[in-house]
Every structure is written in C-alpha cells, then in structure tokens.
Amino acid sequence: MSDPNELLDIHGAGGFLNVSETSLRRWTNAGTLPCLRIGRRRERRFRRADLLAFMEHQPLRPTRGEALPAIDAPQRLVDQPITVTQGSHLCAFYDSDLGRATLAVGFLLDGLREGSVVYLVASARSAKHILKYLKQKRPSLERDIGAGRLVVSDYQKSWRAQIKEFELRLTAAAAAEAQSFRVFGDTWEMRKKSSANSFVDYETAYDQFIARRFPVVTICAYDVRRFSGRAVLDALKAHRDTFRYPIERALA
Amino acid sequence: MGLSTEPVAAIHGNHLCGIYGTDAGRLDLAVPFLLEGLEKGSVCFLVAPSDVLKDVAEAMKEKRQSLDSDIKAGRLILTEHQKTPAAQCRFFEIAMKKAEDEGVESFRVVGDMWGLRLLVSASEMVELELGFESLIVPNFPVVALCAYDARKFTGVELLDALKDHADTFKFPMRMLAD
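As you go down the protein sequences, you meet chains W and U in turn.
For the first sequence, position 236 (counting from the first letter as 1) is numbered 236 according to the numbering used here, and the numbering increases by one without interruption.
So the number in the numbering used here is just where the residue sits in the second sequence, counting from 1, plus 252.
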C-alpha cells in the first residue's frame, strides 16, 4: 500500500490526480490544496494523503471561474439547472475528457429535465464516455434514448450533410410536437472532416439555418488540446451568446 | 481596421483578459484602454516587449499629443516584463505604492502576455496571474488588461487564461480583437 506521507513533485501529483500542473499551481495558490515548499526555488511537494483528501472533498459545483478538477468522479459534474434563451448558440472549451463530460452532462440534463429533445453529436468513443456520466445522473437514460428524447449520433461526412441532418431531425421532431431542443456538438469531430474554412462555413450555416430557425439551444464544445489559440479566438467571436452563459458552464 | 476610441466600461478591481489575432488587434485592445486611463487621471502601465511598447506608444501618440509629457511625468510607464512572475508583482507593488504616496488614485495596466511567456513556462505564467490577483488587485485601485496573442498561445493556454480572468465575461465584446 502507498505511504500517505510520501511526497510527490508537481509532475507526480498531476499524474496522480490526472490534472495539469497549471491546475495544481492554481489550487495551491488559492489555498484549496495544501503543499510543502522546498529548496531555494520553493518547489512544490504534495503529500499523497493531501491529494486524496482534496479529491474526496471537492465541492459539487466550482466557484466562479474555477476549473473542475479532472478527476474521474461523476458527483463532481455540475448539476445546478440554469435557464438559457432559445436560439442561443454557445461555445465551450475543455482540456480533458472529463471536462468534456462536465460540459455535456449539465447541459443535456437540463434539456431532458425541461422536456426538450436533446442531441449529442460526437464520436462513438466520446459519446460513450459522456453517457456513462449522464446515466449516473439520470437512471432513466435508456428510456430517454428509446423514446427519442435523447438522440446520439456521430457527425455526417460533410458539413453540408450535417446541416441537412439537423434540419431533417429537428423538423421531424417539431412535427411530432417537440417544443424545444438542445444540441451538444463535440466540434473536433466535424473539424477533422473539414478544412479550417469549411469549418467556419459550418458554424455560419448552423447559426443561420438551425439556431435561428428552431427553438434550440446549442453548445459547440471545443477541445483546446486540438484547436489552436487562433481557433479559440475565432470560436469566441463566432459565438457571442457564450458571454450570457455562466462562465463555469463554458470552461472545463 | 481603425482603432476604437470607445471607452471600456471598466471598474476598479477588474482583471480582464483580451485576446487578439493581429498586431492591429493588439492596438485595438491596448490603445483605447490606456488612453481612457490617462484621460481619467490614472497612472497607466504598459508591460510588453520593446517592439510592442514602441508600436503602442506610436499609436497612442496619434490620439494624444501630450503623450511624451505623460511619459516624462510618470503618468504612462512603458516597461518590459521582469524576469519572473514574483519580480513582476513586486515591481507593480513598489511602483503603485510610490504613486499612491504621491497622490495617485487609480491605475491601469496592460500586459502583453507573450512578453512574459518568452521568459517563463506556461504553468509559471499562472503564477503572475494569481499573484496579480491576490497581491495587486485587492490592494490597489487598478483595472488590468492581460492581452493574449492567439497566434502564439496554444488553445490550452488560452483556456487557462479565460479561467483565470472571470471578470472578462462582464465585458466580452470589448475583449476580443482581430
């Protein structure tokens, strides 16, 4: 068994918690995670016991602007419902798979609870990871999927085909008396299938043909491990509605 | 693109991040922010690499004839980054304390963050942001704009910057430039 008093350096502690060194620096400076300082450069050392205690005593919700620690524990996912204006086309950013799940679960749960038809568009692997956490928050998830309240799909092969797919699905659901929709898209999957310019065309077309035409709230989730800094700036400019959304729901 | 002269609706204590993707975009963020500070009687700091200091000062001079006397009188302080985040925070502490003793009532800071990133690692950058947040923002009447060059910083670094500047979401439309 590991010695709880064993000291880990920042790299080891990051690996232990599965979080970045930046997050560790932020939490220690904020005083939420204890650490020891050694040597002339005052380098951080972490007791394994402190890391375990930190992991077990995380709040359910982060404070404003604070990132959720990327720890594999579903109870740390944001679950406070919020209201978003229909037609909102938002972007969100994450830097870990759990970050992606954090963003998706809160958003999709809100949609299911308010009676919206919700769409999760992501690779099979990403969708599986998200659904694992969603199911823990909503035991009736299989029934939601069976009844078409939650629709899970991968992106189509081109952005035009994806827009057409959204149009068909939302039109059909509206004809079946669905009153509102939510869409969570893991955008790297679409970016992989298109050039940078085509990807911008996709976002523009989505805004014009889907977000403005249907009673839908959309989150385009950007994996910052894949997208460049320039792409992050472009995403923020293209999704101005984002700034009306709580910051802790847009950054993970 | 022309420089915006519309003032930023900033209040003391705001610690904002701006993101730009061109040199002109950097001017769009920094120039009106600093000019507005000078007009309000704030002491303004521009912390950036030397070429950026020159570009911003030239653009400001087009809008404010008295800029040279502002610099001489210490109302506008142009300086490169200190070598470490701790030294940078110390620099602000000393300069702002001195200015307050001389009767200055407010400050503005623009930091072109790539200048610091050239000196320290990405994770050490957080030291400056957190040090500034805990040592400077609560103790001085300051509005700060940390400007990030989207051409140079990675997506992960920009996400960290947004997380460290929650105030930014109060003034979003003014914090993104070409």
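Don't take every hint at face value.
Which stretches of chain U does chain W cover? Using the computed rule of at least three CB atoms under 8 angstroms from a CB of chain W, they are [stated by the list, open to error]:
id	stretch
1	295–301
2	313–319
3	350–363
Calculated lysine to any residue pairs in the SDA-like style (CA-CA distance at most 25 angstroms, straight line) [said to hold, decoys possible]:
id	chain 1	residue 1	chain 2	residue 2
4	U	K335	W	H11
5	W	K193	U	T406
6	W	K237	U	K335
7	U	K349	W	N29
Since the hints were made in silico from the structure, they are not lab data.
Beta carbons are placed, not taken as given, at the ideal position from N, Cα and C, and that holds for glycine.
Enumerated hints in conflict with the structure, sorted upward = 1, 2, 3 and 6
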